[in-house]
Every structure is written in structure tokens, then in C-alpha cells.
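Novice: The residues making up each chain are set out below.
2 protein chains.
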Amino acid sequence: MGPICDRKKKGREPPSLTVVSSGTPSSLSQTLQRVFLDHYPCLAFRRCSASPSKITWGSNEMIISALLTCVGINLGICLLNVTLYSVLRKQPFNVAVYAPRLLAQGEFRHRSNRQRRQYILERLVPTAGWVRTAWMPSDGDLLSTVGFDAMVFMRIFVFSLKVFSVAGFIGVFILLPINYLGNQLNNDFSDLPNKALESFCISNVNNGSKWNLVISRRKESRPDLFSRLVRGIPVSPESSCSETVGRFFKENHPLTYLSHEVVRRTGKLQGLISDANNMYSKIAHLKFKSLPEQRFVRDGFLGKFGRNVDLLDQYEKKLEELEDNLTKEKSSLIGTEAKAAFVSFKTRLGAAVALHIQQGINPTEWVTERAPEPRDIHWDFFSSSVIKRWICQIVVVVASAALIILFLIPVVLVQGLSHLDQLENWFPFLKDVLSVKIIGEVIIGYLPSLILYFFQSLVPPIMMVFSSIEGYISLSQTELKACNKVLWFTIWNLFFANVLSGSALDQVNTLLEPKKIPRVLAKAVPAQATFFISYVLTSGWSSLSSELVRLRPLLYNCIRRLFAGESSDEVEVPYIPYHSEIPIILFFGLLGVTYFFLAPLILPFLLIYYCLGYIIFRNQILNVYINKYESVGRFWPTVHYSTVFSLVLMHIIAIGVFGLKKVRLAATLTIPLPILTLLFNEFCRKRFLSMFDNPPLECLMKKDKEEQNDLDMDEFHGKLATAYRHPSLSARHSKSSDELHSSLLPRAASV
Amino acid sequence: MGPICDRKKKGREPPSLTVVSSGTPSSLSQTLQRVFLDHYPCLAFRRCSASPSKITWGSNEMIISALLTCVGINLGICLLNVTLYSVLRKQPFNVAVYAPRLLAQGEFRHRSNRQRRQYILERLVPTAGWVRTAWMPSDGDLLSTVGFDAMVFMRIFVFSLKVFSVAGFIGVFILLPINYLGNQLNNDFSDLPNKALESFCISNVNNGSKWNLVISRRKESRPDLFSRLVRGIPVSPESSCSETVGRFFKENHPLTYLSHEVVRRTGKLQGLISDANNMYSKIAHLKFKSLPEQRFVRDGFLGKFGRNVDLLDQYEKKLEELEDNLTKEKSSLIGTEAKAAFVSFKTRLGAAVALHIQQGINPTEWVTERAPEPRDIHWDFFSSSVIKRWICQIVVVVASAALIILFLIPVVLVQGLSHLDQLENWFPFLKDVLSVKIIGEVIIGYLPSLILYFFQSLVPPIMMVFSSIEGYISLSQTELKACNKVLWFTIWNLFFANVLSGSALDQVNTLLEPKKIPRVLAKAVPAQATFFISYVLTSGWSSLSSELVRLRPLLYNCIRRLFAGESSDEVEVPYIPYHSEIPIILFFGLLGVTYFFLAPLILPFLLIYYCLGYIIFRNQILNVYINKYESVGRFWPTVHYSTVFSLVLMHIIAIGVFGLKKVRLAATLTIPLPILTLLFNEFCRKRFLSMFDNPPLECLMKKDKEEQNDLDMDEFHGKLATAYRHPSLSARHSKSSDELHSSLLPRAASV
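So the sequences go chain by chain: H and D. The UniProt record's numbering numbers the first residue of the first sequence as 1 and each following residue consecutively. The UniProt record's numbering numbers the first residue of the second sequence as 1 and each following residue consecutively.
Heads up, the list lumps identical chains together, so a pair's fine if it works in one copy or across two of them.
No farther apart than 30 Å at their CA atoms in a straight line, the calculated lysine-lysine pairs in the DSSO-like style are these:
| # | residue 1 | residue 2 |
| --- | --- | --- |
| 1 | Lys705 | Lys250 |
| 2 | Lys515 | Lys662 |
| 3 | Lys705 | Lys339 |
| 4 | Lys662 | Lys516 |
| 5 | Lys702 | Lys686 |
Worth flagging that the hints you see were computed from the coordinates, not collected in a lab.
Please take these sequences and the hints and turn them into a complete structure.
Specialist: What follows is the structure in C-alpha cells.
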């Protein structure tokens, strides 16, 4: 705990940015900075801008040459990444890495054939054609191709670009000269941009076309608009869950009730099905791909001893056993109902009534909630009891708070291992290797970064697990909640942990004294300006451009091609990782807003980041990712709240700065700003939030009436009745397995 | 501002309770205490218990003789009040004071005649028969006589009695001896009662019979269950508001929409109607009651000069003018629609759908809310715009917070006037009077109390006005919100202002440092134990018993009988003043909970207070008050929240006390308690709160089905269509005025 606790002295110095080349890191904040900046090589900048006495608040004291070096290095990395991408994407064997989405849609079959015939030379010349391809599609095209959620995701970049282009103009051409000339910060100037930002926020929220989109999306006939999930069904011993649900809804929704589907616990069944599928593909492989001699192995140790066995016979026997088990399991599943059900209604209004009005007398029974799209259902940790779920939520809140606040403690402890002497103590056989100077330096320089990077990359999956435990039924909701948690994690561990030094407990303590917060922040935040500018360059620019190259899938693809040959045609198309990407983008927004008047120099770099991000993610969304679900823009409120939080934080820092600079009047005049911002937030909540949650009755009625005379509705109602059947229980699966079986049999006979 | 600010020194002494017989009050806290205790004479107690060094925390150091004196005096006052009441209520001329409710219901006509024939002697002997009469009715009888809200009001006493009888037992027989023996407060003992209190809370909330009552009350056919108030109607220039509403609801609620009634601004009309009514009664008085010579007066100055005029002719001419105006105003009112309407539905479910689902696409238009009972409508400050209303609510929150926090500043400033020398300066002509020693002492002793009392009695009406401005449509809601505000006012100005010395701003500052709160409270709260015990005796016992005597109406009745004769038979029946009484009762609960382990001696006195209150208010509700509306127990959540707040406050003080006494382990073990209490509160909110707000669909459907075949429903629907017509616009008024007119005419002809 040494490194965490040893910076308790009150008179804090501006933290030094020099590289501590060996020995224990002297403070958590320093470790952090060292580690964050070590992700990418910008040591030059750090070495040049190292003199602690120089780094005080305001951007005019930054050393220009150091900044330029850092910009140069990161620009170089960006260019390298982009060039690499533009060459690699043209190689036909990389299609699965750079266009899995198109490949999965079958669009690439003929194109890849065509590309194979291209001249090798053309394939090796880097071109920028992909930028044009990514730029071309209109919003409408994009919407129909990639879905609404991806549009909203791109909207974050547009929104940030709008805000920061105005803020950047003011910052660079008004604030920066003033700062440079060493004048006192003028209240008028800090007020002006607040207003500009706020009005931008309004203009964006009021943007009519977008909300019309939200509403028009809701008008589609989707099963989730006609269905509700019911939890807490009070099952009596006499009747089954399905009967109880049917009776209750027939009684209370006589005109609109259509059908229901009881949720069943299918863990074991799913295991059996995946086993059976594995067996099928093994048999298929043996029959059609492998040489006859591969069919026979010895049944003893490692297949080298014992008597010769026909693998095909063995597998087919196992398969029969599995299918018997499957049939048994399916019939026994009737007993494992989960006291929850999907109930479908004939009209949208019927479903809305079931959602908005408390159903049973006891509010913990017959609890209704939105049903997710069938493809969006996410069954892990499903709990049918409302009270149990509430307890889980409390536990998760506590666990996430603990993870967010205490995350750095184990990280720093583990990083202690990366000191040469300790490594030598633990692994004596490495002594010789470590004594080579270069290897030692590399380990000292990069091992801490790697460890932090490893731990950090664990956070989004952990938050996903936490959100699953909270008991959300859909992947979209789980991901949204995980996104919020990762956002808090990022803000705390990147912003506050960097800004406020001392142990985690000290940091929390500081924030527990509301009166002192502005002053503490005003002292600490400006001192970190240099660090955050270089953070934008390294984690912003370079990370973004490496998103383009997709290093991990590229390596995986290479390895697979080398060892497995080009045999398997299956392409796994990744989903857009909203819950890990959105927090980073929003965090850069927070940096922009808070440093807007403290260090306006950050803004041009941010603008470039957002431009890059816009093009790169547009390209990736068009080529790489698919959307697993359609949440109709549920992520947007998070963007809104994050912006409001950033504004309030900026106001609080402004109050503190004016207080420190003894401009009492300005400090007092700034106090109403956070209050006004919060009121504005409240107004937006009242005015716009309901669009994400509750389709209004007017729309529901209109659409219901239109559909009343629609002949397709009968067909849709028929589909609706089975839409929420568990895939492993639905007829479809057994049919497809039968198909496979029957397709196998004739060939097997022919062998 | 002197007296408010001059107690800023940090090492606070326990405040002295000695009477500052002259000169500036040395601290706000002292002034307050002096003034609160001066309401009733308990000077003896204060004079005896005066030594500041003696009054430290814990009850064992209290001077028993002083306490006994104070108890004696207040017991005397109680007995006096009760005796007075039991004699006065038997006097026939006081029926209007002590049984206006029964008088208004016509039950008293024969009884009062019977009473007049009673022997004078019997009427002068105090008896306790009223206690038996108040005790007798069962809960069912009471419910049918006085309504559900009054029942819930009585339930507060029962709840408090249950809680404090257990707490009192533990406090007096376990904690008091331990405190007396000077042992350290033991964590086990303070934990035990917390749990007891909480479990009591649960047991009370779980009480099945009560909630069945809530639900069964909802099953009645009341217009408010079938109607909704709609605000923010988007009126286009082409069509009237009424047409717009009709079209919208016919379109969107085709099966359930019944009728609507547009809200109109009727301020001028109501003025005309009340003028006309006054004129009617004047004419009626002239015709049937007064002597013929009273009809003729001179038309000059003060009726003494000028020519003789027949008043009757004059009045009748004026009446005709008024009626012409009325007719004009009624026809022109069609144009003054308020963009709001009451919409009635055929079924309860239809009304519930209109309430719970957002109606229009813009969430600030077509906003629906619960309609109050027709008799409960309260039109002051009605605003049809949702955004305007929201702004009003923010303004009111700020204004109430300012009133609550800064209330004492003007009071203390005005009280500065009550010093003899200042009074003499301001009103020199009083010099002779003030120089008489007794008069001077009385003025110094009681003028500050009177001023504070006067200001305090202004608070509930001010809070009522504030809540009206917030734009609630019903008296019940307005009163509920006023009740919450008065409760906060009481807790802040009686508890915190007393406990934390210094200026208002200092007090707020103290509470802005969350870490210091337990320590500050632990130091300050125990020091005030003596004061609050005597507060229970004076403001509790004596005030309660004076509620029985109803001094103000009694005096008013005497004066009216002396000057106006027994002529007017009209009795004004008062409503139960929930918003001023409930906060006081809840405040005593807070005192009981917070002082439970600091000074358990307070508990027996509180128990007596609740017993007294139960009987006295039962009596008053049966005889004096009527209920203007039926809010089906909406006050109960306030009681719940207040109890939870008291518990958390108690936990925080406990943490502070253990910290001060250096019982670290106990302090740490107590920290989870407030968190558990808040979780418990959250559980109750989830489980029980919906019963007050949303009748579940199951009940709505059941009742709707029952009523489907009910022939009375047609009649009810007919009534429903006009239930929300403004009384001044409904046919009823013109009919009744016609009746009056026609009843006047034949008699006028006979004169």
C-alpha cells in the first residue's frame, strides 16, 4: 500500500511529469500518468515538458517544441495505421478482418473473386478510396443499412464536432491570446461559451428530424411493440404457470390479449444442443473432408495404443445418445417454468396498457416490463422475483462503486512486481535475461503499462457481467447499463484519480466536503492540462487509428490461415462495442468542456480526434460491425447526462478558479450557472426523455387503426405467438437438425 | 442582526436556560427557548433547572424537583382546560362552538332543546361523559361518519402510541437505569430499539385491514375515479378548446370517452354571484326580519341627511343590474376558456389509460392528471400551461426554502422592538404606562412570545398560498404539499435552529459538511434534552388541551351573541386543519425517536401526549370538524417519511455520540443502520406506495365488469357529464337563485 498512501502531505506540488526510470513510483498520480502515456511512445514530449516548475495552470506555459514533437509522433502513428489499413484491406485474405459484415451479407463473394484477379502492385499501393466510400452514404442510406443505434452513435461525433468547433474558435482566437498575455480570466468570456454550449445542446435536442425518426421507427410492426415481459407470477400449487398467466390476462385484457409464452430455464438443454451440434459437425468433417485413414484411431492413451476404432461409428453412437437425452430433456422442461412469461397483445395500445398500469394488487406480483426484440434476449442471471432482483441491483451498485473507486489499488500493487529487483527475486531463472540492459529497461518501461492495459480491458466485460446480474432481460439494456458504469469508471479513474492525488479513500473524502470541492479542483485540474493534451494525442488519435487496423483480429486471422488453412468459411461478425467505445468518446467530451477555458489548446486536438473518429467509425460500421439489436437510440440520454455533468464540473472549477484568483464577484456570478444548467437538464428530461421510453397514445392509436384493416396483421399475429419461444424449444431447431441429419444420411450411405 | 450573529465562538457552552430578565437576548437559541417556553407558564421549571453546568447530556442529571414542578403546572392547565370544556360544552349557547358538525347535520336541534330543559346545576358540574362518547364508536362507525382521511389522521396517534409504548418501556426500565448508573451507552441497547422501531414500522405498514380499506374505498363510484384533468391543450385558432378536446378524445379513446367540461376563468363571474347573493340576503332580511321604519333611510352622508329613500326599492334595482351583468358575463364566458378541461370516461380503466399513458406526441401538451373530487376543487392560481407550472414550482421551492431557513431573522429583528427603551423611543406616549413596573415586566416577558406566536401562526396559511401557486388543482393536494412544507419548517426552526446555535447561514453551513454532522449533532442535541422535555409539556399537553376549549371560536361566539343577538342560525363548520396539526404531531414523534436513547425520560411524557391527543382529536372529529374532501389517506406517506427521517437522524446522532465517547467499534457498527433504514424505506416505497397512487388494473377491471350490467350506471354517467361544471356556471345556481327569487316574491307581495 506504500505507493498509494505516501502522498498525504497537504501542500500539494504540481505533479512532476518526469519519467521515474527506476525505483518505486512516488505517487499514484505519477504512476498513472506514466502508465497511461506509455501506451504509445510520446516520451519525447514528456521528457521535454518535464520541468515541474514550468507546468502551472494555463496553457501559455506549455513548451511548444515538446508539444509539437508529441503531435508529430502521434500523427506519424496515425498515418502509419491508415496506410497499413489501406494496403491490408485490399488483400483478399483479409476480407474476414476488414469487411466481415459485407462477407456475412454475401456481398463480397464476387467482389473478392474480382479482387483476386487484380494486379498485385495495385494491391500494395496505399489509397484513400475508403474515406470516400465511408463518406458517401447519406443519413437515410446509413439508417437503412446499419440501423438506428449506429446512427445515434455517429451522432455523438457530429454533436461533439458542432460543440467543439464553436468552443474551439472561441478558445483559440479569444481565450488563448488572453491567457498568453497573462490577463486575469474574465468572467464574460467564461460565461459566453457556457451559453454557447448550452444553446448548442438545446439546438441539438430540438432537432426535429431526428425525433421524427425515433417515432417513425416505433411505428414498425415489431414483436417487441406488441409484447410484454411479466415477472413475479403468483403460481398456485393447483395450476401451472401457463394456465395462471392465460387466466389472468384473459380476465383483465379480454379485448387485447393474444397469447403468451412461459419462460423456461433451458441451461441444460442448451448444453445438450451445442454438444449435439458439435458432434454433427465432427461427423460431417469426417465424412466429407478428411482422408479415410483419419477415421480410424486406437482407443487407448493419446490414440496411440489399444485397438483400432472407427471414429465415425463412435460419434454416431454418441449422437444418438445425445438426441435421446434431448428428447427427454425437452419433455421434462414443462416442469421448469420460471414464473415469468412473455405476453403478446393484439394491439400496441393493449401492450402499452399492460406496461403502464400496475396489474396486480400486490405491486411485486404481475410486474410488467418492456419485452426486448426476440434477437436481443439475454438470458444470463434471469430472475423472475422482483424483490430478489432489487436486492441484486443493490449488490451490483455496491460492487461497481467498489470496483470504480478501488480499481487502482490492486493494479498498483501488481505493478510493484515490475521492478527489476522484485522480478529477480520472484523468478530467479530470469536473472540472466534481465541483466541485459535493454531488456530490463523495456520491462520497466512497458510492463506497468501492459498490466494497466490488461486490467483496464477487463473492466467493460466485468461491467457487462455486473449489469447481467442486475437482471436485465435484453442485451441492449445490459449494454446500456454497462456503458453507464464504464463511463463512471473512466471519469473517476482517468479524471479524478489523476487530478486528486492520494489514496482512493482520500479522494472520496475530498469529494465528501462539498464546500471545498471547487477550490480543490481549481488547484488540481489546471495542473494536469499537459497530461490530458498528450492523453488526447496518444489514447485519442493513436487508439482510434489502431481501431482501423484491427490488430487482434488481423493476427488471429493470420494464425488461423497459417495453421488451419483456408478451410473454415464461417465468419464471426463483431457487434458494435457500444459499452466500451461510447464512454471513451464522452470522456474526451468531458476533457474538452472542462479544459475549454483552462487550456484552450486542447480543443484543436479534440476537433481532429472527432473528425478522425467520424470517418473511421463510419467506415467500420459500414464494413465491420453489425447491430445485434435495435434499441431506438436509448444511448442518447447517457450522452446528454454526460454533457450536463461536464458543464456542471466546468462551472464548479470556474467558481474555484475565480475564488483562487480572488475575483470574488466573478465567482459569485458563476454560482447560478450550475443551477441553471441543472434546471435546463430537468427541462430536457421533462420535454424529451419520454420519447425514448413511452410512445404516446396518439401514435399508438393511429397505427392501431391503420392496422385494423390490414390483412397482413393476421399473419403477423400468428408469428407473434411464437416470436418469444426459446430458440432451443421452437420447432425451428429440431427441423434444422433433422435437415442436417437427412442431408448427412444419403451422403453417408454413398461413402 | 446583532443578536443573530454574535454567537460564533467555536467552543460552545451548553446554553443557559435562565430567564434573561432584561437587555438584548444573548443568542438566537436562547431567545428561541425563552420565547417557546413563555407560551405557557413553566417558569418555575426553568428557574430551578437554571444552572448551566448541571445541564449536560443524559437525563440522569436533570433536576427532578424542577421537572416535577413543570409537570404539575402543565397538568394543572390540562385539568383546567378539560374541566372548562366539560362545563362549557353543556351550555346550549355554545353548541355552535363545540358541536358545529352535529349542528350542521341537524342532529342537534332536538338535543339542544332537551338540554335547555335540564337543570342549571347539572349543567355546571364538570363530567367526563364526553370521553366515553369519544371512545365508544368502533373503527367502522368512525369511518362511515368522518371519512377515511380523519381515520388516517387518528391512525398517526395509534401508530405513535404503539411505537413509543415499546420504546418507552425499554427507555425507562433499561436505558434510564444504565444512564443513571453512569455506564457507557452500550451499542447493543441502541441497536435493539432501532430494530424494534423498524419492525413496528413494518408491522404497521403490513397491516392488512387498512390497505383493504384503501382499496375498497377506491371501489366506490366517485366522479374522480372516472375523470381526468387535461392541461396544455394545443388550441388552434380555427376551433374552440372544447371542440379540440372532443375531437382528440373521440379519436384516441373511441370506446371509453364520455364527455368533457372545459375549465373557464370565472373570477369576475364569481364576484358578481357573491354580490348578488349578498343583495338577496339583504333584501330577505329587510322583508322578513326588520321593522318597517328600518326600510327608509336618508340618501346623504351616513344616512343622516338628504331625502328619504326606500332601501328595498334601491336594493331590488341593484339586484336587477347585477342579474343583467351576470347573464352577460355568463354568455361572454364562452370566450375565456383556460386551455384545460375535465374529461370523463365511461369506465375506470379508460380513465386509468388516459392518466398513465402519455397522450400527445409533445409531452408538454395533453398532460393528464388525476381529477380531484368536485367538492375538492381549488381554483386559485390555476395554470393550464405545463411549463409555466413547472417554473412556478421551482419558484415556490426556492421561496419556501428561504422562508424556512430565514424565518427567524425578521422575527428576532421585530422582537428587538419589545425592549422597554426602544418601545419608549418609538411610542413616547406609552412612557407613563411602561414605567409601571409590572406592566413593563409583562411586556418584556410576553411580547416576544406573542410576536413569535403571531409569526408562527402565519406560516401554515403562507405555505397554503405557496402550495396553491404550485398549481395544484385540489384542496387536498394543496394541503398535503403545505403539510410537508410546514413539517420541514417545524423540524428546521424548532429542532435544528434550537440545536445548532449561530446565524441561519452558519447552521446551513454546518449541515453542508457531511462528515462533521454526526459530531456536531452529538454535541448539540443532548444539551437540549431539558428544553425539549419542557416543550413536550407546554406545547404538547397544554396546547392539546386548549384545542378542546377552542378559545378563539368561543370568544367569537360570545361577542356575536352579545352584539348580534341570537339571530343568525348559520354555522360555519371548520375543516380538520391537517396541514397545521399533522406536522406538530410528527415533530413530537421526531423528538421521541431522537431523544429515545439520549434522554429516555421524554418518552412517558410523549406517551401521555399521544393518549391525550387520541381522545381529544377523536372527540373533536366527531363533534367539531367535517372533512371537505376524501383523499383516501394520501397523508400517510408523509408520516412514513417523517418516521424514517427521525430514525436516520437518530442513527447519525448515535454515530456521533459513540465517536465522542471514543467507542469506535460501536460507532462503526452503527454506520450500516441508517443505510439499512433507507433501504427499508425504499422497499416500502416499492411495495406499498403504489396503493396510494395507482389502483391496480385487476381491481379496475373487476369493478368495471360489475358495473357493466348495472342499470344505475347510466344515471351515474349522466351525472358525471355535469359533475365538473363550475358551480357558478351550472344550472344549479341559477335554479337556486330563481327559487330564492320566487320564494321572496309572494312574501314581498304580502308585505
